[in-house]
Structure formats: C-alpha cells, structure tokens
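*Asks:* Here's the letter readout for the chains.
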Amino acid sequence: MIKIIDLKKSFQGRDVLDGVNLTIEKGKITVIIGRSGEGKSVLIKHIIGLMKPDSGRILIDGDDMTALRERELNEVRKRFGMLFQGAALFDSMTVAENIGFPLVEHTNLDDEEVLKIVGEKLRRVGLEGVESLMPAQLSGGMKKRVGLARAIVMDPEIVLFDEPTSELDPVMSDSIADLVLETQQALHTTYAVITHDITLAYKIADRIAMLHGGRIIEEGSVEEMKSNENPIVRQFLEGRAQGPLKAY
Amino acid sequence: MIMKFLEAVGRRADGVVNATGSMAIMLGQAVMFAFVPPVKLRNIFKQMSFVGVESVYVVILTGTFTGMVLALQSFNALKRFGAESLVSPTVALSMARELGPVLTGLMVTGRAGSAMATELGTMRLTEQIDALVTMAVNPVRYLVTPRVIAGVTMFPLLTIIADFSGVVGGYVVGVKFLGINSAVYTGRIMDFVTVHDIFYGLKKSLVFGVITATVACFHGFYAKGGAEGVGRAATGSVVMGSILILMSDYLLSSLMTY
Ligand SMILES: Nc1ncnc2c1ncn2[C@@H]1O[C@H](COP(=O)(O)OP(=O)(O)OP(=O)(O)O)[C@@H](O)[C@H]1O
Ligand SMILES: [Mg+2]
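Heads up: the sequence lines are chains A and B, in that order.
So the first sequence is numbered by our numbering: it starts at 1 and just counts up by one.
So the second sequence is numbered by our numbering: it starts at 249 and just counts up by one.
Isolated chain B, as found in the complex (with noise of 0.2 Å):
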C-alpha cells in the first residue's frame, strides 16, 4: 500500500522533471535561434501583436479592478490609524512590486498561453511541425523562438499598462468615492515609490514572460492524442504556467532584496 503509494508519487515527480529538463532543452535551442541568422522579423512581430496588442483590453481591466479593490480594502484598514493618505503608496507599491507583473502573467497565461499550446498542438496532430521539418526548417526556430521573444518583450509592457491601470483604478475609487485628496494621492506615490520598485517588477514579468510562452510551446509541441489531446495541452500549459509563474514569484522574491 505505501509502495504503491511511493512509486506512484516517484513516478509523478519523475514525469515532472523530465518535462522541467524538455523544456529547459527547448528554451535553451530557442534562445540560441534567437541569435543565430536568420531571424525571421516577420514572425515575431505577429506574435508580438498576438501576446501584447491583443491583452492589451484584459490586462486593463485586471488592473483598474484590482486597483480599485486594493484602494477600497487598504483605506478601510489605514482609516484606522489614521492614515488615509497612505492608501496610494499601498495601491502602487503592491500593483508594482506583486499584483502587476503576477496578475498580468496569470491573465496572459490564460489568455495567450493557452491560444500557443492549441495552436501547436493542432499542428502536431495535423503533421504541420512534420512538414516543417521534411522542408528543412527548424520547427524549434521556426515556433517557438517568436513566441518567447514575444513573451519576453510584451509582458513587461503589459505589466507597465496593469501598473497604471491599478493606480487610475485606486484614484477613482480613492479619490472621487472616499473622499480623499487628489494632490495627496498622487503626491504620495511620488513621496514612497521609487523606480526601482518598479523594475523589481518588471524583471518578475520578465521570467513570467518566458515562462508562459516555454510552458505552452511545450505543452502544443508533443500533444498527442487527436483533439481531445489538444484541449489536454491547452489546460495543460495553463494549469503548469500558472503554478510556476506563483512558485517562481515566490523564488524572486525571496532573492531579489529590494
């Protein structure tokens, strides 16, 4: 009973590092293709549309409503103390430093990740990747190279837009709901916030970016199964990307000191 038990977890936690080294084999190629001519501009450019352009609408709607949550629970607690006028920096600095690049990425995941595994995954089953392949054209530089560039480079960007999504958000509910000054709230945030806060975020979207676009590339790349194989990436690719995006906002946090 326990042996089973043992060799059930084993064998799941083998399946998992064998995915974790795949992926980091086919993130490593992609980042070399990257560099190496030729590199497609076209391709990239599409993917980037597809992952920035079109989260543009989500991610401000994530973030107002989030910044407005974040202005109406934090003025409830500080009106306490006393210290309304705080409810700005609060809604910044967590928007900036966590619930920004973390919420874009869980958003974009959902969003964007699982459109790549899908779509991979029905060219896998199509033989499309295998045509790739008998044209001699790497499908690794092919697929996934643009859709990591994309990711690398559009969720920061997202983030930034969240970011300020969330502080419009907290000054409408702040501000013109609760009562609190205009030139305090915005002068507060530029009393506590400082750019560096910012970049602390920006550098978690970064990874997230990365692991969103690796995560779904993967999980399309070997779907198997016919088309219920590629709803099983889709759901695959966001279940995994969103866990790892949290662990991984756990990890940097933990490391990146201030």
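Isolated chain A (complex conformation) (with noise of 0.2 Å):
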C-alpha cells in the first residue's frame, strides 16, 4: 500500500502540489486524472523517490520514501516498474537491450534467458521481430510500448504509468487495458496509472482520483465518479470546454 500524506511541491515559488493525500491500495488499479500542468508526473516522480518534497511523506508498506537513504530506497526501487511519459528508452541501446536492462542488472539470468522473457514481453505490448531495431526507429506508439514492456519486465510488485495510451491506436489501447487487467489478476500488481484516456481509467480503474490546484479534489471507484456532483469532476470527464476549468 502506497499512503502520500500531505505532500507539498513547489517550483521557482509555485506551488504544484499543495497537500496530496491519497492512498493506493494494494494489489489494486489506482487511476489519477487532472489537467495538464497540474502536477500528475511531478506526483508519480515523487512515489519513486526521483523528486524530494518539500514536505510531506510518502509511505510504501510503512516505509517513508522521503526519510530513506539512498541504498534503501533502491532496495525500494527494485518492487517497482515506471513507465515514463516520454518512455525514456536508452537511445544507445536495441529495442531488447532496453527491455532486458533491468533483468541483465539486477539477475543471473544468462542471456538467452534475457531474450526469452524480452520476447514474451514485447509479445504482450503488441510487438514482434523489433528486438534489434534502435529507439530512434521507432514510432511514437512503438516506443511507449516499449517502454511498457520494460516497466514490467521485472514482473514488479507496484507499477506506475504515466499515460501508457497518449501515443496509441484506440484498439492498442484497449489492448493495454487488458494487459493492465491480466497482470493485476495473476500477480496482484498495484498499479498507478495517469491517464486523460477516459475510456482506460473507466475500464482498469478501481479507484480514480482527480488532482487539481494541487490537491486530490475528488477520489472513488468508478461508479461513484460518474455520478460525481462536482463541476470540475463533471466537466473533465465528459470533457467539456465550458464549465469551471477554462482552457486557456
């Protein structure tokens, strides 16, 4: 279980988070919304201890993210799989060599092994005979994919997602919902997944949570968010541009 109490964040003077408590259950799907810009990557940055907060603690099974040294929250680090927004692929290395990183740092496995599993992988994601090609052959989808296929290779207890579907077909993205789904039937994985893919968070989403001026303004399953009376919430998810948020 990942507990974030009162977590605050600010940038040159701003605040972009501003007190965010919320807690992502075990073994469950936690999808969390809001506007671009209000802090949602900045969020998930600081559940995996790459951004320190100004205040505020982050709890992993008891254990505060923010109070750990460095060798402990790798130790950490390793029950985890991050999917970049901008996937983050090695640019020097092949398609395999970045799925296969985890598993060549922190296994024995020799490296057949390695290609085994980076196949069974990669097959997951929708993609084949991409082993040897490099990122920047790749399309946008193609690298989110890969970079899926990453974050889970190490079959990691918690797995956060920073919108996997924002560069993908309607019919990959389902594809991705399913795999989320699988995974957390047959591995129990927690997942913590961003997304403005209305449809995903409605298919995956145990809990959703929407984040806005810098806190979670509203939080439930999904039946309780569609009939949600909040305007903000009201209008984001039906994504309408007159209402309370404005878009410029």
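I should point out that these hints are in silico values taken from the structure, not numbers from a laboratory.
Do not rely on the hints blindly, as some may be mistaken.
[Stated by the list, open to error] Taking lysine-lysine pairs in the DSBU-like style, the calculated list, with each CA pair at most 35 Å apart, reads:
no. : chain 1 : residue 1 : chain 2 : residue 2
1   : A       : Lys143    : B       : Lys472
2   : A       : Lys8      : A       : Lys143
3   : A       : Lys8      : A       : Lys116
4   : A       : Lys78     : B       : Lys451
5   : A       : Lys3      : A       : Lys143
6   : B       : Lys424    : A       : Lys52
7   : A       : Lys203    : A       : Lys8
8   : A       : Lys246    : A       : Lys3
9   : A       : Lys28     : A       : Lys246
10  : A       : Lys8      : B       : Lys424
11  : A       : Lys246    : A       : Lys116
12  : A       : Lys203    : A       : Lys143
13  : A       : Lys143    : B       : Lys288
14  : A       : Lys3      : A       : Lys52
15  : A       : Lys78     : B       : Lys288
16  : A       : Lys52     : B       : Lys327
17  : A       : Lys143    : A       : Lys116
18  : B       : Lys327    : A       : Lys116
19  : A       : Lys52     : A       : Lys78
20  : A       : Lys246    : B       : Lys252
21  : B       : Lys472    : A       : Lys3
22  : B       : Lys252    : A       : Lys78
23  : A       : Lys52     : A       : Lys26
24  : A       : Lys143    : B       : Lys252
25  : A       : Lys226    : A       : Lys8
26  : A       : Lys78     : A       : Lys246
27  : A       : Lys52     : B       : Lys472
28  : B       : Lys294    : B       : Lys424
29  : B       : Lys294    : A       : Lys116
30  : A       : Lys3      : A       : Lys26
31  : B       : Lys472    : B       : Lys252
32  : A       : Lys78     : A       : Lys8
33  : A       : Lys26     : A       : Lys8
34  : A       : Lys246    : A       : Lys8
35  : A       : Lys226    : A       : Lys116
36  : B       : Lys472    : B       : Lys288
Relying on the hints, combine the two individually framed chains into one complex.
*Replies:* And the structure:
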C-alpha cells in the first residue's frame, strides 16, 4: 500500500503540489486524472523517490520514501516498474537491450533467458520482431509500448504508468487495458496510472482520483466518480470546454 | 557601482567554487564505484574505444604537424649558434614534457569531452538518467565511472602516440627538408631524452584525462533547458576542460621538479 500524506512541492515559488493526500491500495488499480500541468508527473516522480518533497511523507508498506537513504531507496525501487511519459528509452541501446536492462542489472540470468523474457514481454505489448531496432527507428506509440515492456519486465509488485496510452490507437489502448487487468489479476500488481484517456480509466480503475489545484479534490470508484456532483469533475469527465475549468 | 561589480564577481566566484565542489564529489563517487563490484567491463571498453581508438587519427595529425613546426622553428633558431644537431632533442623534449600531453588533452576534450557532455545532457533531458534511477541503477556508477576510467587509461596512450608522431614529423622536416643527418637526428634523441621525460608527460596526461571526463560528465549530468541546454553543456565542458588542463599543466610543471 502506498500512502501519500500532505505532500507539498513548489518550483520557483509556484506551488505545484499543495498538500496531496492519497492512498493507493495494494493489488488495486488507481487512476489519477487531472488537467495538463497540474502536477501528475511530479506526483508520480515523488512516489518512486526521483523528486524530494518540500514537506509531507510517502509511505510504501510503512517505509517513508522521503526519509530513506540511497541504498535503502534502491531496495524499494527494485519492487517498482515505471513508464515515463516520454518512454525514456536508452537511445544508445536496442529495443531488446532496453527491455532486458533491469534483468541484466539485477538478476543472474544468461543472455538467452533474458532474450526469451524480452520476447514474451514484447508480445504482451503487441510488438514482435523489433528486438534489434534502435529507439530512433520506432514510432511514438511503439516507443511507448517498449517502455511498457521494460516497466513490467521484472514482474514488479508496483507499477507506475505515466500516460500509457497517450500515443496509441484505440485498439492498441484497449489491449493495454487488458494487459493491465491481466497482470493485476495474475500477479496482484498494484497500479498507479496517470491518464487523460477516460475510456481506459473507466475500464481498468478500481479507484479514480482527480488532482486539481495541487490537491486530490475528489476520489472514488468508477461508479462514484460517474455520479460525482463536483462541477470540475463533471466537466473533466465529460470533456466539455464550458464550465469552471478554463481552456486557456 | 563598485559594490555591484564586487557582488557580481563574488557571485561568479561562488558559482565556480560550488561547481568545483560538486565536480569533486562526483569524481569521488565515480572513483569509489570503480573499486566496488559489480564493475561492468563492457561499458568501460566501449568508452575506452570511444575516447581512445576514435581519437587516434586526430592525435596523430596534431602530433605530426606540431613536431614539424617545432623542427622548423628550432632549426632556424639553433642555426644561429651552429647547433642544428640539437633540433631533435628540442622536438622530442618539447613533445614529451609539454606539447604531447597538453595538445592531446585539448584535442580530446574538444572531440570526446564535448560528445560526452552532449550524450549525458540528452540523457538528462529525455529522462534517461531518471529512468536509470528508477531501475535502482546508480547513474554515476553506470555513466561516469566508465568515462573516468577511459580518460585515465586512454590519455597516456594517446600522449605516447602524439609524442611519437611529433618526433616523426620533426624527422621529416629536419632530415628530409632541412638536411640534418639522419643518424644525428636519432642519436641526439638517445643522448638527451630519458625515460623520465616521457613519464613526466604521461603523469600530466593522466590528470588531464580525469579532468576531461569529469568536467564533461558534470556538464552533461546537470544540463537543463532543452536542445539549447545540451549545446551549452557541450561548449561549457570544452571551455572549462581546456582552461583546467592549461592551469593544471602549470601547476603540475611547478610541482614536478624533473
Ligand atoms: N523539474 C522541474 N522544474 C521546474 N518546474 C517543474 C519541474 N517539473 C515540473 N515542473 C512544473 O510543474 C508543473 C506540473 O508538471 P507535470 O509535468 O507534473 O504536469 P502533468 O500534470 O504531468 O501534465 P501533463 O498532463 O501535461 O503531463 C508544471 O507547471 C511544470 O512546469
Ligand atoms: Mg505529465
């Protein structure tokens, strides 16, 4: 279980996170929604200890990520898989080397076994025969999927996805939704998924939380969010330009 | 007015001191990781090939032309004393003690240092360094250590190549163009140049290798602000690397007595 308590972070005097409280349940899929620039990526980077908060705590099964030392942090990080918004593939490595990287660094598997797992994970994200390509040769959506494969290659307990479907066509998006649901059921993976893709959110979410103005303003199951009366939530979920949220 | 100026100087100095401190810390960590397993040889060899093998061509050209011009200039000067036979020790000593290590350092900083800063800067801005961190891989261990090792090992080797190219370049000009006796040219080198002179230069080049790699990695690691920021990291690393090489060259020359 991940417990975020009163998390605050500002950049150059601008409060991006202004007291975020959120619980991400073990083995559940928590979807975080919110407008562009609200700090969703910043929030997810705090969870894995890439950014240090100005104040507040993040408890991962009781361990406070904000207080751990580098060595201890790395032990916790080995339980995580993360997909960056821009995929963050290593551009000096092939697709196979990218996906196999965590295995090579943290396990004693030989090259053949690594390649076998890489092939399996690639198939899971709907790619085949791209092992020897370089990231520069991939389309945006393919990069995203290679990033997804890398994030899940160690079968992590906790997966953080920053907009997993933002560059995928609807068919591919739906198969990513299936992938998330399958791994969650098979391995009881905990997911924190940032997305603007409301269809995806409705399909996979156990909980949906909306980040707005530096706080989680509403949170609930899909059904609860669908019937939520908050005009901000209504406007966001229905995707309307008119309402309390302004388009500029 | 004066206060403003002093303030600006102070801020600048503060920045330089801070950068030097952070760089020293980064270097300290990189060195530590070089001795703590697991050490990945593959990355080290890759960097050695990039810093060393791929710089050979540039270093040979630099060394040869420097040796040629040294022979020409020293011939014109020494002729006035009837001491043309001392051209070859002049070339060899200048190359071994000063120009070999310094010119190699400057050329390789321009070639490999800027490329390192660009590569690491791009990795920083496209979150590849953050990705390493999330995968529990220390980015200093993974990126900086192999580059520092490559600098320390390859700079002396390149310096030997530069020294040798310089002597050959000097031979071409001195013997072929200016008519010094071939046996005199090689014989005088044997008479005057010792192994100490060569090691003297190699010790310097070792330091220059550390400087180039550390400065380049530091600039790349802390790059910010898009493509322009990567460019700034590259130029910054070349300017700072070159200046530090020249400054430390003086310092080392004054500390090493022979
Ligand atoms: N390293 C940083 N330094 C300074 N400001 C930052 C940094 N990272 C993020 N910000 C600022 O924090 C705010 C939130 O950024 P963030 O990337 O978290 O938005 P987001 O909710 O993920 O948006 P999107 O949906 O567009 O990805 C932005 O205004 C951004 O400028
Ligand atoms: Mg984002």
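*Asks:* Are the hints correct? Go through all of them and say.
*Replies:* To see whether the hints hold, each was checked on the structure:
With a CA separation close to 23 Å, the supplied pair A:Lys143 and B:Lys472 stays within the 35 Å bound. Between the alpha carbons of A:Lys8 and A:Lys143 the distance comes to roughly 32 Å, so the proposed pair stays at or under 35 Å and holds. Annotation: proposed proximity of A:Lys8 to A:Lys116 is violated, straight-line Cα distance about 43 Å (limit 35 Å). Between A:Lys78 and B:Lys451 the CA atoms are separated by roughly 42 Å; this puts the pair beyond 35 Å, and the hint is violated.
This hinted pair checks out: A:Lys3 and A:Lys143 have alpha carbons roughly 31 Å apart, not beyond 35 Å. Note on B:Lys424 and A:Lys52: the hinted pairing is violated, with a Cα-Cα distance of about 67 Å set against a maximum of 35 Å. Of the supplied pair hints, the one linking A:Lys203 and A:Lys8 holds, its CA atoms being roughly 31 Å apart against a limit of 35 Å. Restraint check for A:Lys246 and A:Lys3: satisfied, since their Cα atoms lie roughly 31 Å apart, inside the 35 Å limit.
For the suggested pair A:Lys28 and A:Lys246, the alpha carbons sit about 32 Å apart, so the restraint of at most 35 Å is met. Of the supplied pair hints, the one linking A:Lys8 and B:Lys424 is violated, its CA atoms being roughly 75 Å apart against a limit of 35 Å. Restraint check: the Cα-Cα separation between A:Lys246 and A:Lys116 comes to about 49 Å, which exceeds 35 Å; the hinted pair is violated. Annotation: proposed proximity of A:Lys203 to A:Lys143 holds, straight-line Cα distance about 23 Å (limit 35 Å).
Straight-line distance between C-alpha atoms of A:Lys143 and B:Lys288 comes to about 27 Å, which keeps the hinted pair within the 35 Å bound. Only pairs whose Cα atoms come within 35 Å are accepted, and A:Lys3 paired with A:Lys52 is accepted, the gap being roughly 16 Å. The hinted pair formed by A:Lys78 and B:Lys288 meets the criterion: a straight-line CA distance of about 19 Å does not exceed 35 Å. For the hint pairing A:Lys52 with B:Lys327, the CA-to-CA distance comes to about 69 Å; that exceeds 35 Å, so the pair is violated.
Between the alpha carbons of A:Lys143 and A:Lys116 the distance comes to roughly 20 Å, so the proposed pair stays at or under 35 Å and holds. Between B:Lys327 and A:Lys116, the direct Cα distance comes to roughly 73 Å. Violation of the 35 Å bound is thereby established for this hinted pair. For a cut-off of 35 Å, the pair hint linking A:Lys52 to A:Lys78 stands: about 19 Å separates their Cα positions. Among the hinted pairs, A:Lys246 with B:Lys252 is inconsistent with the structure: their alpha-carbon atoms are about 44 Å apart, more than 35 Å.
Proximity of B:Lys472 to A:Lys3 is assessed by CA-CA distance (about 31 Å); at most 35 Å being required, the pair is judged to hold. About 51 Å separates the Cα atoms of B:Lys252 and A:Lys78, which puts this hinted pair outside 35 Å; it is violated. Using a Cα cut-off of 35 Å, the hinted pair A:Lys52 and A:Lys26 holds, with the two alpha carbons roughly 23 Å apart. For the suggested pair A:Lys143 and B:Lys252, the alpha carbons sit about 51 Å apart, so the restraint of at most 35 Å is broken.
This hinted pair checks out: A:Lys226 and A:Lys8 have alpha carbons roughly 28 Å apart, not beyond 35 Å. At roughly 40 Å between alpha-carbon atoms, A:Lys78 and A:Lys246 are farther apart than 35 Å, so this suggested pair is violated. This hinted pair checks out: A:Lys52 and B:Lys472 have alpha carbons roughly 18 Å apart, not beyond 35 Å. Annotation: proposed proximity of B:Lys294 to B:Lys424 is violated, straight-line Cα distance about 40 Å (limit 35 Å).
Distance check on the hinted pair: B:Lys294 and A:Lys116 sit about 25 Å apart at the alpha-carbon level, within 35 Å; holds. Restraint check for A:Lys3 and A:Lys26: satisfied, since their Cα atoms lie roughly 10 Å apart, inside the 35 Å limit. In summary, the hint linking B:Lys472 to B:Lys252 is supported, as the alpha carbons are separated by about 28 Å, within the 35 Å threshold. Taken as a hint, the A:Lys78 and A:Lys8 pair is honoured in the structure, with Cα atoms around 25 Å apart against an allowance of 35 Å.
Using a Cα cut-off of 35 Å, the hinted pair A:Lys26 and A:Lys8 holds, with the two alpha carbons roughly 23 Å apart. For the given pair, A:Lys246 sits about 24 Å from A:Lys8 by alpha-carbon distance, which is consistent with the 35 Å threshold. Restraint check for A:Lys226 and A:Lys116: not satisfied, since their Cα atoms lie roughly 42 Å apart, outside the 35 Å limit. Between B:Lys472 and B:Lys288, the direct Cα distance comes to roughly 28 Å. Compliance with the 35 Å bound is thereby established for this hinted pair.
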